Amino acid sequence: MTSTSHPLSKALGWGLKRKLIVSMLMVGVIPLLLGLSMAFLQGSKEIQVVSGESFQALATEAARKLDLLVAEEVARTSRITVHPDIVRALEHRRDALHTSDKNAALPALVQERARWAARDPAAVKEITGNPTALLLQGFYAGAQSEPDQLLPQVVRAATKKLFVTDVQGNLFAALTTTPSFAHADNVWWKGAFNRGVGQLYIEDLHFDEQANAYVFSISLPIMDSLRYEVVGVLHRVIDAKEFFSPSTHPIRFGKTGHVMLVDSRGTVLSCPILPTGVRLSDLSLIPQVTAREPGWVTADSDGHGGQGTAIIGFAPLPETSRATNGALEQGGWHTFVWQSSDELFAPIRHLMMWMLILATIALGLLATLGYFAASRIVTPVRRLQEAARLIGRGELQEPIQIHTGDELEDLAIEFNRMNTQLEAAFAGLNTQVEEKTQEVQYLQKSTDQVLDAVPTPIIMIDQKGLIQYMNRASQEALQTQDHSWSGRPLFDVLPLDEDHLQALRRDLRLVEGHTASAQPRLDSEPAQKEARDPLNQTHTQASSSSRPELRIGSHLYHYEWFPLESRSGAGKRFGLVLRDTTDETRLQDQLIQAEKSGSLDVLTAGIGHELNNPLFGILGLGEAIQEEGDLARAKGYAQDIVGHGRKMAAIIRDFTGVATRESKNQRVPVDVTAQLDQALAIVQTSHDCLGLNVQKHYVAVSPVTALPDQLRLAFINVLTNAIQAMSGRGDLWLTTDEQDELITIKIRDNGPGIPKQHLGKVFDPFYTTKGQGEGSGLGLTVAQRLIKKFGGEIRLESPDGQGTTCVITLPADKAGVRKEEPCVSP
Amino acid sequence: MRLTLTFVRARSLWLALALACASTYSSQAKDVAPPTGIPPDKVADFVHAVLDADRTIYTNQVVNRMQAKGIVSATEHWEHENALPLPAQFLQHSGKLVAESGRGIRYRLISLWPIYQRNAPATDLERKALESFAQTPDRPFTGIVTSGRKQYFQAVYSDRATSAACVKCHNNHPLSPKRDFALHDVMGGMTITIPLD
Numbered sequence: 001m002t003s004t005s006h007p008l009s010k011a012l013g014w015g016l017k018r019k020l021i022v023s024m025l026m027v028g029v030i031p032l033l034l035g036l037s038m039a040f041l042q043g044s045k046e047i048q049v050v051s052g053e054s055f056q057a058l059a060t061e062a063a064r065k066l067d068l069l070v071a072e073e074v075a076r077t078s079r080i081t082v083h084p085d086i087v088r089a090l091e092h093r094r095d096a097l098h099t100s101d102k103n104a105a106l107p108a109l110v111q112e113r114a115r116w117a118a119r120d121p122a123a124v125k126e127i128t129g130n131p132t133a134l135l136l137q138g139f140y141a142g143a144q145s146e147p148d149q150l151l152p153q154v155v156r157a158a159t160k161k162l163f164v165t166d167v168q169g170n171l172f173a174a175l176t177t178t179p180s181f182a183h184a185d186n187v188w189w190k191g192a193f194n195r196g197v198g199q200l201y202i203e204d205l206h207f208d209e210q211a212n213a214y215v216f217s218i219s220l221p222i223m224d225s226l227r228y229e230v231v232g233v234l235h236r237v238i239d240a241k242e243f244f245s246p247s248t249h250p251i252r253f254g255k256t257g258h259v260m261l262v263d264s265r266g267t268v269l270s271c272p273i274l275p276t277g278v279r280l281s282d283l284s285l286i287p288q289v290t291a292r293e294p295g296w297v298t299a300d301s302d303g304h305g306g307q308g309t310a311i312i313g314f315a316p317l318p319e320t321s322r323a324t325n326g327a328l329e330q331g332g333w334h335t336f337v338w339q340s341s342d343e344l345f346a347p348i349r350h351l352m353m354w355m356l357i358l359a360t361i362a363l364g365l366l367a368t369l370g371y372f373a374a375s376r377i378v379t380p381v382r383r384l385q386e387a388a389r390l391i392g393r394g395e396l397q398e399p400i401q402i403h404t405g406d407e408l409e410d411l412a413i414e415f416n417r418m419n420t421q422l423e424a425a426f427a428g429l430n431t432q433v434e435e436k437t438q439e440v441q442y443l444q445k446s447t448d449q450v451l452d453a454v455p456t457p458i459i460m461i462d463q464k465g466l467i468q469y470m471n472r473a474s475q476e477a478l479q480t481q482d483h484s485w486s487g488r489p490l491f492d493v494l495p496l497d498e499d500h501l502q503a504l505r506r507d508l509r510l511v512e513g514h515t516a517s518a519q520p521r522l523d524s525e526p527a528q529k530e531a532r533d534p535l536n537q538t539h540t541q542a543s544s545s546s547r548p549e550l551r552i553g554s555h556l557y558h559y560e561w562f563p564l565e566s567r568s569g570a571g572k573r574f575g576l577v578l579r580d581t582t583d584e585t586r587l588q589d590q591l592i593q594a595e596k597s598g599s600l601d602v603l604t605a606g607i608g609h610e611l612n613n614p615l616f617g618i619l620g621l622g623e624a625i626q627e628e629g630d631l632a633r634a635k636g637y638a639q640d641i642v643g644h645g646r647k648m649a650a651i652i653r654d655f656t657g658v659a660t661r662e663s664k665n666q667r668v669p670v671d672v673t674a675q676l677d678q679a680l681a682i683v684q685t686s687h688d689c690l691g692l693n694v695q696k697h698y699v700a701v702s703p704v705t706a707l708p709d710q711l712r713l714a715f716i717n718v719l720t721n722a723i724q725a726m727s728g729r730g731d732l733w734l735t736t737d738e739q740d741e742l743i744t745i746k747i748r749d750n751g752p753g754i755p756k757q758h759l760g761k762v763f764d765p766f767y768t769t770k771g772q773g774e775g776s777g778l779g780l781t782v783a784q785r786l787i788k789k790f791g792g793e794i795r796l797e798s799p800d801g802q803g804t805t806c807v808i809t810l811p812a813d814k815a816g817v818r819k820e821e822p823c824v825s826p
Numbered sequence: 001m002r003l004t005l006t007f008v009r010a011r012s013l014w015l016a017l018a019l020a021c022a023s024t025y026s027s028q029a030k031d032v033a034p035p036t037g038i039p040p041d042k043v044a045d046f047v048h049a050v051l052d053a054d055r056t057i058y059t060n061q062v063v064n065r066m067q068a069k070g071i072v073s074a075t076e077h078w079e080h081e082n083a084l085p086l087p088a089q090f091l092q093h094s095g096k097l098v099a100e101s102g103r104g105i106r107y108r109l110i111s112l113w114p115i116y117q118r119n120a121p122a123t124d125l126e127r128k129a130l131e132s133f134a135q136t137p138d139r140p141f142t143g144i145v146t147s148g149r150k151q152y153f154q155a156v157y158s159d160r161a162t163s164a165a166c167v168k169c170h171n172n173h174p175l176s177p178k179r180d181f182a183l184h185d186v187m188g189g190m191t192i193t194i195p196l197d
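Protein sequence lines, in the order shown, are assigned to chains A and B. Quick note, the first sequence lines up with residues 1 to 826 if you use the numbering used here. Quick note, the second sequence lines up with residues 1 to 197 if you use the numbering used here.
Calculated from the structure, these hints are not laboratory results. Small disclaimer: the values here were computed from a predicted structure and weren't measured. Mixed in with the good hints, there may be bad ones.
[Unchecked claim] Pairs of lysine-lysine residues, derived as DSS-like cross-links and limited to a Cα-Cα distance of at most 27 Å, are as follows:
1) A:Lys255 to A:Lys65
2) B:Lys178 to A:Lys65
3) B:Lys178 to B:Lys168
4) A:Lys190 to B:Lys96
5) A:Lys65 to B:Lys168
6) A:Lys746 to A:Lys761
7) A:Lys45 to A:Lys255
8) A:Lys788 to A:Lys756
9) A:Lys572 to A:Lys464
Input sequences plus hints: build the corresponding full structure.
This is the structure:
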């Protein structure tokens, strides 16, 4: 059995085992408790019902018994009332009162009352010694009764007063001197007299001071001999306790169960526990137990001063109640049967206690059995849990052995199968990982070797500018120690001045910005080429810091940033390539210098040559004119001189076009088409263009921003080139077009074309295919320079045998106002 | 005190009535006066007829029907048992009401075997009347009785056990002195008393 304090169970709160035990206990306890409480409630209820009905039956029976007791006593007393002598005496008294003078009777009555009150012996003798009184005494003593109708000793002892009144309520006969004289105003007398009809009247319990006891009274009318009307009233006062206790006190059951008699006001007539004369302790109980019909109630108090549920049976004394206080409606007498609730519910409490003890034992057994059952379930589960943990670590060596024959065994089999499959899968994966790792290491090594072998310094940095990698060439260039560079900021390592560092940073930022659009940086290239124009060096030279070059020690490097692929999540990485251009730059500078000086030689020779020929012509013709006498011929020579002069002027114009500075730098929007037409017109005037067929295909194009004279000059040079190539005869196509804010001008001839080997040199200064004196070799150079100045491009296309096409593109000026300036020839 | 009882047969009623009317304190009548008003035996007869009819209706149409249908029964202590009064009680209680009204006429049930002693015969006339019913149960017994100086006309009519309830109750009551009544037996009589002065 595994230990109960498993670390995992602790961490999770309640373990499976405890839960199982608690579940079993709950399954046992809840129905048990429910059953017990139901049994208790139901049992209590049934005990109440059974006890209540028993009490009611007992109360009814006791009521009947007491009723008979009272009825018997009434019957016994009534024998006096029917005694003929008494009836006759009272009839006589009635008649005497009826016939006597009323005026005389009243004082006599008053006098008699006074005498009785004063215990006048004559008066006393008159009342206690008259025949009726003697009859009463006989009755009381038993002398007047039949042997079977003797007054029982109990009754005799209980009788406190016995007297007879006449029809007017005055004392007529008495046993003793205790009764008072006049009773006509007494309730009992009125009740018994009942307007002469007469009826039994039983008075409720009250305290009689003369008898010094709680008493009730029976008042019986004495009817005349015909039973027609009342002639007197017999009144008998009885001590309630003495009268009833022999009947009620023996009725006892259990320790506390007993019967008591109460009157309609809840006053106790007789009770084994309470004294006679007290009222029930709980007044609210009185209406419940003085109902007109027998019954039982569950009350909150027992009437004996005890609190708590009490079951009380009650029943009225049927016959007696009719006479109490004159009528049933005035309240009757009731028996009251009660037993202490402690005693009443003792059996069920004992039962409950026993059941609780047995339930506790049963729960103990349940807990023990639950513990063992839970252990049987939990042990294999724990083993499975342990196995799962081992599988997770890959440490499970032996298959799990569980033989419970249920789902847990199936689960163990599945675990074993899973473990086997996982092991197989992991084995394949390990091999693959090893292979891939080797491959990666090999690749890395190769890359390092390749990078180290490259003479170009290559540096890689991360997004913060910290150096991640330097190849051997860069280490040598920067003269850093082995790995002392690792993790240091690149800009601290580079021995550069602030300008260059800023340029470097700016370019890095550009690359950073461009990585999103992935556009390479190309803008500085044309400027570099333009800088090589020997004639325009000062104008186009960029400052040294704007060039992607940096000088480290004696070496000049051309640098270039490039973005590097970075792992997802990691920051951007960038590479810096430094190309050593020290030798290259020196060579190029030398070349340019040589070209410059060469060009000057050619220029000088060209100018000299160009101007020499017409000059010699002019000289020769001038000499001829000097010698020529014929005026007409002299004029012909002069015409030739003018022709040579014109040629020279043209040559000089060409030169000035190259050399002169722009007189005006104010650029304006220029209509390309108009300038092209003007240029054509100028060219046509200065060349023999008889065989020229010009075809124009213009479209409406936007103006360009330029200096109109210089643009026109560029067109003139190109047109001149074309017309000269066709020797003044052939087809010339002029087309304009606008697309993507670029205006394209095409000038095409169907001349012999330009050989491919010359296409690359046509824009070089003084390069010409024409003979000496035919062209300066500067026309296209000037045209190219001007076009570029206006932000455009010019190129020549010359497919074999299809003439030459000059394509000029200029940026359109959409916003500009179309504004023509007057054409000024240079 | 002198008590004079006069026993007369129904046939000699007139004589008795004449005597009663002529003199208040004499049992001897010298002259025969012409009849005025309704003779008391007639009055008693009327009253008895009414009482008997009422009680019969109550017995047959109320008590018997209710008991037969099981709705409510008639018991002696009807007040305590949510029941109907017994037919005899019906008559007794109505008699009490009449007496209490002060009209003078009274009636009650009497028996030689009363459950309660108050219902025993009070006078010789009553006793003789009850005894006479053994031979002539269908003939009322009448007479003039005196109480002291007061004179009353009394008529006693035999009373039979008209329903099983009467027999059952009297045979089973613990205070009943006779317990072998059968249906239609004469169980007692009804006394109707009419004051003559």
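Which hint numbers does the structure go against, in order from smallest to largest?
As far as the earlier hints go, not one is violated by this structure.
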